[in-house]
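Asker: Please take these sequences and the hints and turn them into a complete structure.
Going down the list, the protein sequences come from chains A and B.
According to our numbering, the residues represented by the first sequence are 63 to 164, in order.
According to our numbering, the residues represented by the second sequence are -5 to 237, in order.
Where hints are given, some of them may not hold.
Only pairs whose alpha carbons sit at most 25 Å apart, straight line, appear in this in silico DSS-like list of lysine-lysine [unchecked claim]:
#  : chain 1 : residue 1 : chain 2 : residue 2
1  : A       : LYS127    : B       : LYS13
2  : B       : LYS215    : B       : LYS13
3  : A       : LYS71     : A       : LYS127
4  : A       : LYS72     : A       : LYS127
5  : A       : LYS131    : B       : LYS21
6  : B       : LYS13     : A       : LYS131
7  : A       : LYS71     : B       : LYS101
8  : A       : LYS127    : B       : LYS215
9  : A       : LYS71     : A       : LYS131
10 : B       : LYS152    : B       : LYS166
11 : A       : LYS127    : A       : LYS76
12 : A       : LYS127    : B       : LYS21
13 : A       : LYS101    : B       : LYS215
14 : A       : LYS72     : A       : LYS131
15 : B       : LYS21     : B       : LYS101
16 : B       : LYS21     : B       : LYS215
17 : A       : LYS71     : B       : LYS21
18 : B       : LYS101    : A       : LYS72
19 : A       : LYS72     : B       : LYS215
20 : A       : LYS71     : B       : LYS215
21 : A       : LYS131    : A       : LYS76
22 : B       : LYS166    : A       : LYS76
23 : B       : LYS101    : B       : LYS215
24 : A       : LYS131    : B       : LYS101
What follows is a list of derived Cβ distance ranges for each label pair [what the hints assert, rightly or not]:
#  : chain 1 : residue 1 : chain 2 : residue 2 : range
25 : A       : VAL161    : B       : VAL176    : 53 to 59 Å
26 : B       : VAL29     : A       : SER156    : 26 to 32 Å
27 : A       : GLU154    : B       : ALA197    : 46 to 52 Å
28 : B       : VAL159    : A       : LEU103    : 37 to 43 Å
29 : B       : GLY146    : A       : PHE145    : 28 to 34 Å
30 : A       : LYS72     : B       : PHE33     : 31 to 37 Å
31 : A       : ILE110    : B       : PHE180    : 22 to 28 Å
32 : B       : ILE147    : A       : THR106    : 19 to 25 Å
33 : A       : SER156    : B       : GLU205    : 55 to 61 Å
34 : A       : LEU103    : B       : GLU205    : 30 to 36 Å
35 : A       : LYS131    : B       : PHE180    : 31 to 37 Å
36 : B       : VAL200    : A       : LEU103    : 49 to 55 Å
Covered stretches of chain B, going by a simulated chain A footprint (3 or more residues, C-beta under 8 Å) [claimed, not checked]:
#  : stretch
37 : 13 to 23
38 : 35 to 41
39 : 48 to 56
40 : 219 to 231
Because the hints were derived from the structure by calculation, they are not lab data.
This one's a predicted model, so the numbers in the text were calculated from it and none came from an experiment.
Here a beta-carbon is modelled for each residue, glycine too, at the ideal position from N, C-alpha and C.
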Amino acid sequence: MAGDHGPTKKSIGKVLAVLAVITVLELASFYVLRDVLGKALFNTMMIIMSLLKCFYIVGEFMHMKYERKQFVFYTIVTITLLFWFIGSILWEGSWWNGVRFN
Amino acid sequence: MSAELVEFEHEGSWKGGSKPFGASYGKIMMWFFLVSDAFTFGTFLIAYGGLRFTQDWWPDPAEVFSSFPGFDAHVPLAFVTLMTFILIASSYTMVMAVYEGHHGNRKSVVWWMLATVLGGAAFLGCQAIEWTHLIHQGLSLFSNPFQPGSDGISTVVKTAEEMSVLSVVDMKAINFGQLFFVITGFHGSHVLSGVIILIVITANVVGGTYERRGHYEMVEKVGLYWHFVDLVWVFVFLVFYLI
Chain A
63 MAGDHGPTKK SIGKVLAVLA VITVLELASF YVLRDVLGKA LFNTMMIIMS
113 LLKCFYIVGE FMHMKYERKQ FVFYTIVTIT LLFWFIGSIL WEGSWWNGVR
163 FN
Chain B
-5 MSAELVEFEH EGSWKGGSKP FGASYGKIMM WFFLVSDAFT FGTFLIAYGG
45 LRFTQDWWPD PAEVFSSFPG FDAHVPLAFV TLMTFILIAS SYTMVMAVYE
95 GHHGNRKSVV WWMLATVLGG AAFLGCQAIE WTHLIHQGLS LFSNPFQPGS
145 DGISTVVKTA EEMSVLSVVD MKAINFGQLF FVITGFHGSH VLSGVIILIV
195 ITANVVGGTY ERRGHYEMVE KVGLYWHFVD LVWVFVFLVF YLI
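Answerer: Now the structure itself:
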C-alpha cells in the first residue's frame, strides 16, 4: 500500500517475532526432520522457509510493502532473472555430474 | 510514518527534485545498487550450487559446523544460529532507528544505531571465531579436511598428515573451502563496510546534520543496505548450513 501508511512499532515487532520463530523452526527441523523427511523434501522445506523470511525482511524492514506498486514490480521483476540463472547452472552442474560419475 | 517526513526541495529533476515512484532519488539509487548487489551475490551462490551439483559427495554441515566456542560439545549449527539471531536482532534495531528518525527523535535514533553497530561488530567477531576454528581444522582454499567416511555418506575430519597423502584427484569437494571462504568473506566484508557506514552516520546524527536537513533519510538508506546484508545471510545460511 502506498501513501500514508507506514510501519508501526507493532508491525515491526511482529516481523521480528516471525523471523525468530522461522529460524528456530529451521534449526529444529535440521535436528529432528532432516533424516526423517529425506533430502529432497527437507531441502524444499528449508528453501520455502528462507523465502518466507526474505519476503518479510523485504516487505516490512526494507519498507517494500509501503512503496508504490510500480516500484515493487520493477525491482522484483529484475531480480526474478536470477531464477532462470539458477535453473540453467544447476542443470549444467548435474549434467557434468552425470558425465563424471555415471 | 512517511507522511511525517519533512518534504525537501532541490533544484531540477536531475538533482533529485522530482520523485519517481513516490520515493526519493537517494532511496531509489540505493535500491538500484542493492539490485545489482543481489546479482553479484546471486552469481556467487549459483556458482556454488552449480559446482556442488557436479560433485558426487559433499561435506555434511552437521559435521563441519558442529562446535561451539568454549564448549567441548557436538552441537550442529548452534553457533551459526546464534550469528543469525545477532543479525536479525541488529536488523530490528536498525528498523527502529529508521522509525524514530521519521518521528525526529534524535536521541532514540542514536541509541538504536549504536545497538545496530554493536550487533554488526558481534556478528563479525563470531565470524572471525568460526573462520579461525575451520582454518585450524585444516580447511583452506586448496584443501578440505572434511572427507567421506568408510560408508561414503558420513563426514570424517582428516588430520594434516592424512590429508597430505590424499591426491587432488582423491580429495572430495576440494572447492568447498574456496566457496565457503569467498562467499562468507564477501558477505562479511559487506557487514564490515555496513558497520563503518553506520558509525559515520551515527556521528552525523549526534552532530545534528540530519536535524538541520530536516529529515533522517540517510538513516533510512543505510537501513536498506543493512537489511539487504541480513537478507543475503538468509540465503548463505540456507545453502551452506541448512541444506
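Asker: With reference to the structure, classify each hint as holding or not holding.
Answerer: The hints, checked one at a time:
The suggested pairing of LYS127 of chain A with LYS13 of chain B holds, with an alpha-carbon distance near 18 Å, which does not exceed 25 Å. For the suggested pair LYS215 of chain B and LYS13 of chain B, the alpha carbons sit about 15 Å apart, so the restraint of at most 25 Å is met. Of the pairs offered as hints, the one joining LYS71 of chain A and LYS127 of chain A holds, with about 15 Å between alpha carbons and a cut-off of 25 Å not exceeded. The hinted pair formed by LYS72 of chain A and LYS127 of chain A meets the criterion: a straight-line CA distance of about 15 Å does not exceed 25 Å.
Restraint check: the Cα-Cα separation between LYS131 of chain A and LYS21 of chain B comes to about 16 Å, which is no more than 25 Å; the hinted pair holds. Taking the CA atoms of LYS13 of chain B and LYS131 of chain A, the gap is about 15 Å. The hint holds against a cut of 25 Å. A hinted pair counts as satisfied when its Cα atoms are at most 25 Å apart, and LYS71 of chain A with LYS101 of chain B qualifies at roughly 17 Å. This hinted pair checks out: LYS127 of chain A and LYS215 of chain B have alpha carbons roughly 16 Å apart, not beyond 25 Å.
Distance restraint check for LYS71 of chain A and LYS131 of chain A: the Cα-Cα separation of roughly 23 Å lies within the 25 Å cut-off, and the hinted pair is therefore satisfied. With a CA separation close to 12 Å, the supplied pair LYS152 of chain B and LYS166 of chain B stays within the 25 Å bound. Restraint check: the Cα-Cα separation between LYS127 of chain A and LYS76 of chain A comes to about 14 Å, which is no more than 25 Å; the hinted pair holds. Of the supplied pair hints, the one linking LYS127 of chain A and LYS21 of chain B holds, its CA atoms being roughly 15 Å apart against a limit of 25 Å.
Of the supplied pair hints, the one linking LYS101 of chain A and LYS215 of chain B is violated, its CA atoms being roughly 39 Å apart against a limit of 25 Å. Under the criterion of a C-alpha separation no larger than 25 Å, the hint pairing LYS72 of chain A with LYS131 of chain A is consistent with the structure, at around 23 Å. The hinted pair formed by LYS21 of chain B and LYS101 of chain B meets the criterion: a straight-line CA distance of about 23 Å does not exceed 25 Å. Between LYS21 of chain B and LYS215 of chain B the CA atoms are separated by roughly 6 Å; this keeps the pair inside 25 Å, and the hint holds.
With a CA separation close to 22 Å, the supplied pair LYS71 of chain A and LYS21 of chain B stays within the 25 Å bound. About 21 Å separates the Cα atoms of LYS101 of chain B and LYS72 of chain A, which keeps this hinted pair within 25 Å; it holds. This hinted pair checks out: LYS72 of chain A and LYS215 of chain B have alpha carbons roughly 22 Å apart, not beyond 25 Å. With a CA separation close to 19 Å, the supplied pair LYS71 of chain A and LYS215 of chain B stays within the 25 Å bound.
The suggested pairing of LYS131 of chain A with LYS76 of chain A holds, with an alpha-carbon distance near 23 Å, which does not exceed 25 Å. Between LYS166 of chain B and LYS76 of chain A, the direct Cα distance comes to roughly 44 Å. Violation of the 25 Å bound is thereby established for this hinted pair. Proximity of LYS101 of chain B to LYS215 of chain B is assessed by CA-CA distance (about 19 Å); at most 25 Å being required, the pair is judged to hold. Restraint check for LYS131 of chain A and LYS101 of chain B: the C-alpha separation of about 34 Å exceeds 25 Å, so the hint is violated.
The beta-carbon spacing between VAL161 of chain A and VAL176 of chain B, approximately 26 Å, falls outside the hinted interval of 53 to 59 Å. The given range of 26 to 32 Å is respected by VAL29 of chain B and SER156 of chain A, whose C-beta atoms sit roughly 29 Å from each other. Remark: the range hint 46 to 52 Å for GLU154 of chain A to ALA197 of chain B is upheld by a beta-carbon distance near 48 Å. Separated by about 38 Å at the C-beta atoms, VAL159 of chain B and LEU103 of chain A satisfy the suggested range of 37 to 43 Å.
About 33 Å separates the C-beta atoms of GLY146 of chain B and PHE145 of chain A, a value consistent with the hinted range of 28 to 34 Å. At roughly 34 Å, the beta carbons of LYS72 of chain A and PHE33 of chain B sit within the given window of 31 to 37 Å. Take ILE110 of chain A and PHE180 of chain B: their Cβ atoms lie about 25 Å apart, and the range 22 to 28 Å holds. For ILE147 of chain B and THR106 of chain A, the hinted distance range of 19 to 25 Å is satisfied, since their beta carbons lie about 21 Å from each other.
As the Cβ distance of SER156 of chain A to GLU205 of chain B is approximately 57 Å, the hint placing it in 55 to 61 Å holds. Checking the proposed 30 to 36 Å range against LEU103 of chain A and GLU205 of chain B shows it is violated: the Cβ atoms sit about 54 Å from each other. At about 32 Å, the CB distance of LYS131 of chain A to PHE180 of chain B agrees with the hint of 31 to 37 Å. A beta carbon spacing of about 51 Å between VAL200 of chain B and LEU103 of chain A agrees with the range 49 to 55 Å that was offered as a hint.
Beta-carbon proximity to chain A at under 8 Å applies to 4 residues in the stretch 13 to 23 of chain B; the threshold of 3 is reached and the given coverage holds. With 4 residues having a Cβ less than 8 Å from any Cβ of chain A, the stretch 35 to 41 of chain B passes the three-residue criterion, so the hint holds. For the stretch 48 to 56 of chain B, the stated coverage by chain A is satisfied: 4 residues place a CB nearer than 8 Å to a CB of that chain, which reaches the threshold of 3. For a cut-off of 8 Å, the count of residues in the stretch 219 to 231 of chain B with a CB near a CB of chain A stands at 7, and the three-residue condition holds.
When each numbered hint is compared with the structure, violations occur for hints 13, 22, 24, 25 and 34.
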